[in-house]
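Colleague: Taken in order, these protein sequences are the chains called W, H and S.
Using our numbering, read the first sequence as starting at 7 and increasing by one per residue.
Using our numbering, read the second sequence as starting at 6 and increasing by one per residue.
Using our numbering, read the third sequence as starting at 391 and increasing by one per residue.
Rather than coming from a laboratory, the hints here were simulated on the basis of the structure.
If you're wondering where the values come from, they're calculated on a predicted model, not measured in any experiment.
Where a beta carbon is used, it is the ideal one built from N, C-alpha and C, also for glycine.
Watch out, some of these pointers could steer you wrong.
[Stated by the list, open to error] Using C-beta positions, here's what the derived DEER-type ranges look like:
#, chain 1, residue 1, chain 2, residue 2, range
1, S, Pro481, H, Ala10, 14 to 24 Å
2, S, Leu626, W, Phe10, 35 to 45 Å
3, W, Leu135, H, Ala21, 25 to 35 Å
4, W, Ala43, H, Ala21, 33 to 43 Å
5, S, Thr453, H, Leu107, 24 to 34 Å
6, W, Thr130, S, Asp544, 43 to 53 Å
7, H, Lys227, W, Thr130, 53 to 63 Å
8, S, Pro481, W, Thr130, 28 to 38 Å
9, W, Leu36, H, Ala21, 45 to 55 Å
[What the hints assert, rightly or not] Using 27 Å as the maximum straight-line C-alpha spacing, the simulated DSSO-like pairs for lysine-lysine come out as follows:
#, chain 1, residue 1, chain 2, residue 2
10, H, Lys144, H, Lys171
11, W, Lys261, S, Lys504
12, H, Lys171, H, Lys227
13, W, Lys8, S, Lys633
14, H, Lys165, H, Lys220
15, W, Lys261, W, Lys8
16, S, Lys600, W, Lys261
17, W, Lys19, S, Lys627
18, W, Lys263, S, Lys627
19, W, Lys19, W, Lys263
20, W, Lys8, S, Lys399
21, W, Lys19, S, Lys600
22, H, Lys7, S, Lys504
23, S, Lys529, S, Lys504
24, H, Lys144, H, Lys130
25, S, Lys600, S, Lys399
26, H, Lys7, H, Lys59
27, W, Lys19, S, Lys469
28, W, Lys263, S, Lys504
29, S, Lys504, S, Lys521
30, H, Lys59, H, Lys130
31, S, Lys600, S, Lys627
32, H, Lys208, H, Lys245
33, W, Lys19, S, Lys504
34, H, Lys59, H, Lys208
35, S, Lys525, S, Lys504
36, H, Lys208, H, Lys220
37, W, Lys8, W, Lys19
38, S, Lys521, W, Lys19
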Amino acid sequence: MKFFLRQTAALVKLSFLELWRRNDVFALVLLALALMAPLSMATPFGAAGASRCLDEVALLLVWAFSLFVSIGAGQRLFRPEFESRTVYPLFSKPVSRTRILAGKYLGALASAWSALALFYALFTGSALLRGTGFGAALPQAIALHAAFVALAVALSLLGSLVMSASANSTLCAIALAGMFFFGRRLPDFAAGAGGIVSWLVRAAYAIGPHAEFFDMRQRLVHGWGAIDPLAFAAVLAYAAAYTAALLCVAAAVLKRKRL
Amino acid sequence: MKHAAIFCAAAVALAAILSRFPQERFPQAVRGEGALAVAFGDARAAISSAMMRKADGYFHGGVDAECGRLGEHHHHHGHHHDGEEADCGDGHGKDGSAGGGLFDPWAWIDAHVRAPDVHRHLEGKDSVEMLPWFWASVKADPHNIDAWTTAWYVAHNMMKDEDLSKRVIGEALASNPDSVEIALYAGRQLYDTANPDLDAAAKAFAAARDLALSKCGGDLSKLSEDERRMHGFALGYLEKIAERR
Amino acid sequence: MNSSDAAVKAENLCRTFGGRLAVDGLSLELNPGEVMGFLGTNGAGKTTTIKMLTGLDRPTSGTVTVFGGDPADPATRAKIGYMPEIAYYYPWLNARELLAFYGGMCGMDRRTVKSRSDELLETVGLADAAKRPLKTYSKGMLQRAGIAQALLADPPLLVLDEPFTGLDPLARIRFRELMRSLRERGKAIFFSSHELGETELLCDRVAIMKNGRCVYQGPVRDIAGDGCGNLERLFLKTLEDAK
């Protein structure tokens, strides 16, 4: 057990150091401050006191940046190792490929979650300074967002095993952002389309990663309150199942992959 | 990321430089109104409309009423609109079932996460939350008259802030000196108050009337339907003022 | 000596890639306390063989064992220290962190990793540069970092792919001395190289590959090795005869 824990800790630390030493997160935080600072000082028509739009923009930035960090964390797990040949000394160590995958995933997840925690800390801090509270909805929103990050990292990890970094980033971003904005409209589109297009859209609706399930932004911005526990549990279960499925496929791919 | 930032900065700089050129050299730069016009062209109108829809959504407490079907939200959740029973006329149930009786778990989840339990409108001082979107709308397209007049309505009638509404209509007039509707609302700004300045209001309504007449050379049939209606409103207000004196 | 004690035992090892025979019927044996040089032209099958020895690849047919175990088994790989040819180790880490990572991957505790790291960084001449990020390292420094990570868990078998690449003359002397001391401690060392002179000075036995086949295998002392390039003549003659 100690042996396994040491191996896992080593892999987690590797991913963690990579994220925080690449300075991507700091760049994103600076970008967020650069965007939010003038917005927060703006007084439309000279009227002060509007805070919902700031919350909405801030949450959109949190989502956009966390998507960037998640996809980046996942896609750097294997492709760069193959390209820099560090996969050879790594896989020659007394550890199975499945354990390597599990350790790397946990490391990427830990680093993505730490970035998410920072983003939400900044968001919550600025909201509290403006006197805005969110009640029980905020912890739920953070939990669902964290579940989404877990799914996004797993998707990007799978992509890192089968395609180039740029293709992986692009496809993951399109899939996740596409579902985020249009996922709930797919049945309408399928109904309006015909033939094979309709079937493809229905298939995408059925098996695509429904990023929109995790989006509680409107609840936070407009004070709709927390979602009911059953729905909350259902979304978490969806994330867990989807993530597990992605990781199983990734493990199977990695096991068969020729180095 | 560095390259993307450099590219964006270069694009903004180019737009700012091009906006300095005389309009006749760049006819595609619509109305020559600065960097935004050069960068976005006719897309500004679309952006402006989108910002207005956003403001409308804020009025409805975050519900996207643009789909034109508040029933969609009702059908997901069966919630009430201002205390009334929801009308689930499209056959969908609160349980996420489709019209054919098949249970769609994704729709169920979506409804429970993304639809509100109660649909509340913004009222009173809270209406200030809509203003940033109206402001963004008129920044994107300063000639979006609907955005200006709705912003004025929010400031004047909902927030009951006369200084604010005065600022709004002042900016609207500056951006749209040829708009009969804005000229009319300028009159309303002076008339629709607890203590109206009847003389100033009469002048403003008269200016709106005259603007309409000057646009059509006295032949009202040459005016658009909206401008004709505004002309009629101006005359109506002038009558009311005359009666009150 | 019981052949089950052999550090490496390959019997009729074959590996094909889409119809192309990369390794064709290779048989060899390496015992503890021996150093074997694995030579051949580019594309001869050296790296493919090394991958099979270290469990990174599966043979198409034949068997390979390391101390009697299958290299595909992680427990067997605990006995192997492998250094690949040209690895660009994680650029955001420094050498100490790199060794800490690989030490963790070998299940070593922190204290052991630290003491071994101090010792190895001194041995390979990276003690002064230990805290610099690897992205600032030269090719030779990366090579030395690679040697250090292969030795970290003190494995009984070392498999080194082109260990002399990028090493300056002083580093080569140090490396040769290190390999000799490891051999005296009973380690088995298997390395591939294009450096015939270094190979002749260091190895007990050599195997020469050509087009996937082992065309020569034998003790270096039989070549009357006296450091005057006899291995070079043997190498050329063997390849010529194998045409």
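Colleague: Next, verify each hint and record whether it holds.
Modeller: Right, here's what the structure says about each hint:
Checked against the given bound of 14 to 24 Å, the beta carbons of Pro481 of chain S and Ala10 of chain H, roughly 23 Å apart, stay inside it. Take Leu626 of chain S and Phe10 of chain W: their Cβ atoms lie about 50 Å apart, and the range 35 to 45 Å is violated. For the pair Leu135 of chain W and Ala21 of chain H, the supplied restraint of 25 to 35 Å holds, since their beta-carbon distance comes to about 33 Å. Checked against the given bound of 33 to 43 Å, the beta carbons of Ala43 of chain W and Ala21 of chain H, roughly 21 Å apart, lie outside it.
Remark: the range hint 24 to 34 Å for Thr453 of chain S to Leu107 of chain H is contradicted by a beta-carbon distance near 57 Å. Taken as a hint, the range 43 to 53 Å holds for the pair Thr130 of chain W and Asp544 of chain S, whose Cβ atoms sit roughly 50 Å apart. As the Cβ distance of Lys227 of chain H to Thr130 of chain W is approximately 58 Å, the hint placing it in 53 to 63 Å holds. Restraint check, Pro481 of chain S to Thr130 of chain W: a C-beta distance of roughly 35 Å satisfies the suggested window 28 to 38 Å.
Separated by about 23 Å at the C-beta atoms, Leu36 of chain W and Ala21 of chain H break the suggested range of 45 to 55 Å. A threshold of 27 Å between alpha carbons decides the hint, and for Lys144 of chain H with Lys171 of chain H the separation of about 18 Å falls inside it, so the pair holds. Taking the CA atoms of Lys261 of chain W and Lys504 of chain S, the gap is near 32 Å; set against the 27 Å cutoff, the hint is violated. The suggested pairing of Lys171 of chain H with Lys227 of chain H is violated, with an alpha-carbon distance near 31 Å, which exceeds 27 Å.
Straight-line distance between C-alpha atoms of Lys8 of chain W and Lys633 of chain S comes to about 54 Å, which puts the hinted pair past the 27 Å bound. Our distance criterion of 27 Å between C-alpha atoms is broken by Lys165 of chain H and Lys220 of chain H, whose separation comes to about 33 Å. This hinted pair checks out: Lys261 of chain W and Lys8 of chain W have alpha carbons roughly 24 Å apart, not beyond 27 Å. Proximity of Lys600 of chain S to Lys261 of chain W is assessed by CA-CA distance (about 30 Å); at most 27 Å being required, the pair is judged violated.
A C-alpha spacing of about 51 Å is found between Lys19 of chain W and Lys627 of chain S, which places the hinted pair above 27 Å, so the restraint is violated. Taken as a hint, the Lys263 of chain W and Lys627 of chain S pair is broken in the structure, with Cα atoms around 38 Å apart against an allowance of 27 Å. Pair hint Lys19 of chain W plus Lys263 of chain W holds up; C-alpha atoms about 25 Å apart against a cutoff of 27 Å. Proposed proximity of Lys8 of chain W and Lys399 of chain S is contradicted: the alpha carbons are some 31 Å apart, above 27 Å.
For the given pair, Lys19 of chain W sits about 43 Å from Lys600 of chain S by alpha-carbon distance, which is inconsistent with the 27 Å threshold. Between the alpha carbons of Lys7 of chain H and Lys504 of chain S the distance comes to roughly 38 Å, so the proposed pair goes past 27 Å and is violated. For the given pair, Lys529 of chain S sits about 24 Å from Lys504 of chain S by alpha-carbon distance, which is consistent with the 27 Å threshold. The suggested pairing of Lys144 of chain H with Lys130 of chain H holds, with an alpha-carbon distance near 23 Å, which does not exceed 27 Å.
Using a Cα cut-off of 27 Å, the hinted pair Lys600 of chain S and Lys399 of chain S holds, with the two alpha carbons roughly 20 Å apart. A C-alpha spacing of about 32 Å is found between Lys7 of chain H and Lys59 of chain H, which places the hinted pair above 27 Å, so the restraint is violated. Using a Cα cut-off of 27 Å, the hinted pair Lys19 of chain W and Lys469 of chain S holds, with the two alpha carbons roughly 24 Å apart. Pair hint Lys263 of chain W plus Lys504 of chain S does not hold up; C-alpha atoms about 34 Å apart against a cutoff of 27 Å.
Our distance criterion of 27 Å between C-alpha atoms is met by Lys504 of chain S and Lys521 of chain S, whose separation comes to about 13 Å. Taking the CA atoms of Lys59 of chain H and Lys130 of chain H, the gap is about 18 Å. The hint holds against a cut of 27 Å. Our distance criterion of 27 Å between C-alpha atoms is met by Lys600 of chain S and Lys627 of chain S, whose separation comes to about 12 Å. Our distance criterion of 27 Å between C-alpha atoms is met by Lys208 of chain H and Lys245 of chain H, whose separation comes to about 13 Å.
Distance check on the hinted pair: Lys19 of chain W and Lys504 of chain S sit about 16 Å apart at the alpha-carbon level, within 27 Å; holds. Restraint check for Lys59 of chain H and Lys208 of chain H: not satisfied, since their Cα atoms lie roughly 35 Å apart, outside the 27 Å limit. The straight-line distance between the Cα atoms of Lys525 of chain S and Lys504 of chain S is roughly 22 Å, inside the 27 Å bound, and the hint therefore holds. For the hint pairing Lys208 of chain H with Lys220 of chain H, the CA-to-CA distance comes to about 18 Å; that is within 27 Å, so the pair holds.
The suggested pairing of Lys8 of chain W with Lys19 of chain W holds, with an alpha-carbon distance near 16 Å, which does not exceed 27 Å. The suggested pairing of Lys521 of chain S with Lys19 of chain W holds, with an alpha-carbon distance near 17 Å, which does not exceed 27 Å.
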